[in-house]
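**Student:** This is what each chain is made of:
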Amino acid sequence: MVRPAVRPNFGETKLYDIKLNVFPNIGDADPKSVTGRLIATDSPPVFYANLEPEVEIVDAPGGVATPGKYKLHLSNTWSLETTLILEGSSAKDQCDLLFGNTRVVVGPGQSVTVPVTVTPKLRIDNYKDRSYPFDITVYPERWESESKYVEGELKVSAPKPDFRLDLIPIEPVGPAAKYDMFVTNYGHADLGITLSAFDHEELLEIEFERTELHVHAGERRRVPVTVNVVDPPPDDRPSCTTSPCARCRKMWTPGCRSTSWARSQSTPSRRSTR
Amino acid sequence: MSDQIEIELSKDVIKTHPGDTVVETFVIANRSEVNDQFIVAVEGLDSSWYELETSSAKIYPMDRLKCRLTLNPPKDSTALAETHSFSVKVAAKNDPRIETSVPMTLVLRPFYNFELKLDPPVFGGPTGNYDLLIHNAGNDDVPFRMVGIDSNDSCRFTFTPNAPNRTCRRDAEGKSCGPAGRSPKLWRNKAV
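If you read the protein sequences in the order shown, they are chains A and B. According to our numbering, the residues represented by the first sequence are 1064 to 1337, in order. According to our numbering, the residues represented by the second sequence are 68 to 259, in order.
Source of the hints: derived by calculation from the structure; they are not laboratory data. Certain hints may be false.
No more than 27 angstroms apart at the CA atoms, straight line, and that leaves these computed lysine-lysine pairs for DSS-like [said to hold, decoys possible]:
hint, chain 1, residue 1, chain 2, residue 2
1, A, Lys1184, A, Lys1134
2, B, Lys184, A, Lys1082
3, A, Lys1095, B, Lys142
4, A, Lys1184, A, Lys1155
5, A, Lys1077, B, Lys184
Just some of the chain A residues that point at chain B, by a computed CB distance under 8 angstroms [what the hints assert, rightly or not]:
hint, residue
6, Arg1066
7, Val1097
8, Val1293
Here a beta-carbon is modelled for each residue, glycine too, at the ideal position from N, C-alpha and C.
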């Protein structure tokens, strides 16, 4: 460290040519010297840093968010040119910060804008909005004690879920019918699904093997479904529901007296089951 | 060690400076009654430091062969100022179990050389914070003493560490060393 005896006045600079002599204390080796220059100022580098979002909220249509873009404004209010070093970090190291330049030379009284790109590293694993806080450290070269911190936040809007439901009757016999319901996730993120069912006349009891389902992106999952008739009258209980009622167009309805039901009850398949 | 081969050295300790060339002779004697081919080799020394006049020779029974070993260790930090042990080995080509080796010693004397660099050469601020880089290009450890002066004779210079320090010759080999455990290659006197 080279410290001038007298500090320059405010806004002034003073030049010192310095020379360092190095003496090897062994053998017959000659000393050597190296020269340099100190431009003494009244203060350490003074600068300001400000972060402006250009695209702060980004979509994640493909499961991976597009980068957020920012502008970092750097202003040097010092009397000398200064070299500013930029470093970025994010909470839990979830983002990559890419600067247009990590070493920026700013002249006295000058301002420079550096583009900053923030990209989440992790794949979006559900359809929730997310935010990624990050910060940028700026310090003049060799003046880390004069560091300034700028905070930012990347907001990623959730992608839209894209899924399909298929109900396939596999054993539609009797008052208790069994089905397979298939949930296909066509989206790019995992899907959390809650299943529920009802019939308007409240005559059926519909049960899912599970009501909470997690379907990965691109995955198809099966959920067995059981449909029971709620307390059907003995006289109205058919054993076959393979054809709909001709009158009400439903598979089976307690109290239905239509002739089509009579036909369905006398089908060979019905008789064979008795 | 076979008694069928004998190696006679003119001297077993060679002292020299890096960059110099020393020629050493030795004699290989075939003490067997077989006309044999012999392989001659040097072990324990960097191959770029020596030249062997004969690497393979036919020696008649009870005959002798005079060989020359030329040593020319380089004048750089790889040729450390210390004692280097090596050996000359002679083996029968047809039966490698018949072999003899003799130990030799190369003592390299020190030489001193260093380079300086100030980083950055120009610095702005109320105080100047520089790195003085001292590269010890010699082959031995060297303690240094640093003194700073300025054009106005009005600056105070502080070196950290401030005591005369010994730069390690192994710096050039990329090994860590030095009292402060500084980085290899260049041992730094970082100003604060």
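**Student:** Taking the hints in turn, state whether each one holds.
**Tutor:** To see whether the hints hold, each was checked on the structure:
Restraint check for Lys1184 (chain A) and Lys1134 (chain A): satisfied, since their Cα atoms lie roughly 20 angstroms apart, inside the 27 angstroms limit. Restraint check for Lys184 (chain B) and Lys1082 (chain A): the C-alpha separation of about 11 angstroms stays at or below 27 angstroms, so the hint holds. Between the alpha carbons of Lys1095 (chain A) and Lys142 (chain B) the distance comes to roughly 20 angstroms, so the proposed pair stays at or under 27 angstroms and holds. Proximity of Lys1184 (chain A) to Lys1155 (chain A) is assessed by CA-CA distance (about 11 angstroms); at most 27 angstroms being required, the pair is judged to hold.
A hinted pair counts as satisfied when its Cα atoms are at most 27 angstroms apart, and Lys1077 (chain A) with Lys184 (chain B) qualifies at roughly 23 angstroms. Residue-level restraint check for Arg1066 (chain A) holds (minimum Cβ-Cβ distance to chain B is 5 angstroms; threshold 8 angstroms). Contact between Val1097 (chain A) and chain B, as hinted, is supported at the beta carbon level, the nearest pair being about 4 angstroms apart and thus within 8 angstroms. Given hint, Val1293 (chain A) at the interface with chain B, is violated; its Cβ is 81 angstroms from that chain's nearest Cβ, farther than 8 angstroms.
Against the hints set out earlier in the document, a violation occurs for number 8 only.
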